[in-house]
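Asks: Use the sequences and the hints to build the structure in full.
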Amino acid sequence: MKIDILARGAFTSALVHLQPGERFQSESSAMFRASSNIDIDVTTRPKGGAGGVLGGLKRLIAGDSFFLSTYTVDNGQAGEVGLSPTLQGEVRHVAVSRAAGWTCAGGSYLGSDAHLSLDLEFQGLKGLFSGERLFFVKVTGEGDLLVNAYGHITEVEVDGELIVDTGHVVAFESQLDYTLSKVAGSWVQSYLAGEGFVLHFKGHGKLLVQSHNPKEFGGLLGRHLPPRRS
Amino acid sequence: MRYTIEQSPSYGYVDVQLDAGDTLVAESGAMAWMEGALDVATSTRGGLLTGLKRKLLSGESFFQNTYTARGPGGRIALAPGPAGDVIAHELNGELLLERGAYLASAPTVEVNSKFQGLKGLFSEGVFVLRCTGHGVLFFASYGDIQPVDVDGEYVVDNGYAVAWEPTLEYRVTRARRIRSFLFSDQLLLRFSGRGRVWIQSRSPRSLANWAHPFRRVERKND
Numbered sequence: 009m010k011i012d013i014l015a016r017g018a019f020t021s022a023l024v025h026l027q028p029g030e031r032f033q034s035e036s037s038a039m040f041r042a043s044s045n046i047d048i049d050v051t052t053r054p055k056g057g058a059g060g061v062l063g064g065l066k067r068l069i070a071g072d073s074f075f076l077s078t079y080t081v082d083n084g085q086a087g088e089v090g091l092s093p094t095l096q097g098e099v100r101h102v103a104v105s106r107a108a109g110w111t112c113a114g115g116s117y118l119g120s121d122a123h124l125s126l127d128l129e130f131q132g133l134k135g136l137f138s139g140e141r142l143f144f145v146k147v148t149g150e151g152d153l154l155v156n157a158y159g160h161i162t163e164v165e166v167d168g169e170l171i172v173d174t175g176h177v178v179a180f181e182s183q184l185d186y187t188l189s190k191v192a193g194s195w196v197q198s199y200l201a202g203e204g205f206v207l208h209f210k211g212h213g214k215l216l217v218q219s220h221n222p223k224e225f226g227g228l229l230g231r232h233l234p235p236r237r238s
Numbered sequence: 351m352r353y354t355i356e357q358s359p360s361y362g363y364v365d366v367q368l369d370a371g372d373t374l375v376a377e378s379g380a381m382a383w384m385e386g387a388l389d390v391a392t393s394t395r396g397g398l399l400t401g402l403k404r405k406l407l408s409g410e411s412f413f414q415n416t417y418t419a420r421g422p423g424g425r426i427a428l429a430p431g432p433a434g435d436v437i438a439h440e441l442n443g444e445l446l447l448e449r450g451a452y453l454a455s456a457p458t459v460e461v462n463s464k465f466q467g468l469k470g471l472f473s474e475g476v477f478v479l480r481c482t483g484h485g486v487l488f489f490a491s492y493g494d495i496q497p498v499d500v501d502g503e504y505v506v507d508n509g510y511a512v513a514w515e516p517t518l519e520y521r522v523t524r525a526r527r528i529r530s531f532l533f534s535d536q537l538l539l540r541f542s543g544r545g546r547v548w549i550q551s552r553s554p555r556s557l558a559n560w561a562h563p564f565r566r567v568e569r570k571n572d
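Sequences listed follow chains W and E, in order. The numbering used here runs 8 ahead of the 1-based position in the first sequence. The numbering used here runs 350 ahead of the 1-based position in the second sequence.
Hint data in this document are derived by calculation from the structure and do not stem from the laboratory. In this text, all values refer to a predicted model and were calculated from it rather than measured experimentally. Virtual Cβ for every residue (Gly too), placed ideally from N, Cα, C. The reader is advised that the hints may include incorrect statements.
[Said to hold, decoys possible] Selected chain W positions facing chain E (in silico; Cβ < 8 angstroms):
1. G17
2. S43
3. S44
4. I46
5. Q96
6. F143
7. G227
8. P235
Replies: Below is the structure:
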């Protein structure tokens, strides 16, 4: 498996080259081009996670759909799959190892070697009540992971403590501890201030942050669009 | 006439220098800035019917602007609506463009709509733009543009093909194995033959879908 990151300015994408027997999976809408021998299998079942149709529905109810497409070559020849996110910004390759697993913010997962296990982790009720829809994809095993960002990605080496707005977290090494908290003094204050919730990281490990917050951009657009019925 | 593509592939636009008598045709609204003695004529190019077809069927504008340099030193910059790539293609025969991809061309290039057949109902549109003739053709998209030389078959997700050579045929297919009823709508364009297809890396429709949940919810008053 070889992955080319097509970094040509503001719109990065990835081209994954597959050999016979290799399997890659991605967030289901990410594929935009493929060689004709690529077989696409869409499932609601992340390997190792709670799956099946029920699992998929549960995720939709929580406000986040998370479906996977799995790609293989079907004719014994090499093949390729091009993957891109929705927003403009960077795509980055992360090498996941048994020593260092990674956790992605839900919207930042683009794709991964199908040998890697994906587990969905939802934040508690407090998070959901506040209008924050937080879910993480925990990636374990050994292989290639692709993450995407809105804007530019900066790699931060956490050594001690670091506070990051939830909307700017792309992915981090799973050995880092984190707690969801608020910036202002109380939840009500925090809500009124319009200040996002933050993740309070502790420990040692790598963290990828994005320069722009998709929710802020979405909120900006939403105000200018006609209302929807549901 | 000389041109350079600037700021490709993120914020691409085309800078065209016109000598006396040179003419350029552009999508209305594409002109960003211009200098020198240029005559601008707005017309339906090809007649009322062609203009209407272009507008109604292929999503381009009814009117096109023709810029002609009266003297030396004419210059015009043309920019597409979305941030992304611009491709300069020296047309020699025919090229097919997806809706909205046309930016500008030499006056010797004819732009018409072409019926795609019923397969168009399932993809981006029943009509695409058919560009014929000889001369430079500029097209653009949201996202960067990746050329792929097809020899056999190649698959492009619906909404991501910007342009393709007429030696390529395509048919609309679904992802082969779909396990979930929720995913009955993943359509793919399967190109076959020998020729080049230009693929964009981002989709305006996908962006619109992404923005949809951010719309305010209308409350019922009854």
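Asks: Evaluate each hint against the coordinates.
Replies: Outcome of the hint check:
1. G17: Status holds, d = 3 angstroms.
2. S43: holds, 6 angstroms
3. S44: Where the cut-off is 8 angstroms and the nearest Cβ of chain E is about 3 angstroms from S44(W), the hint holds.
4. I46: holds, 7 angstroms
5. Q96: holds, 7 angstroms
6. F143: At about 15 angstroms, which exceeds the 8 angstroms cut-off, the nearest Cβ of chain E leaves the hint on F143(W) violated.
7. G227: holds, 6 angstroms
8. P235: This hint holds: P235(W) lies near chain E, its Cβ roughly 4 angstroms from the closest one there, short of 8 angstroms.
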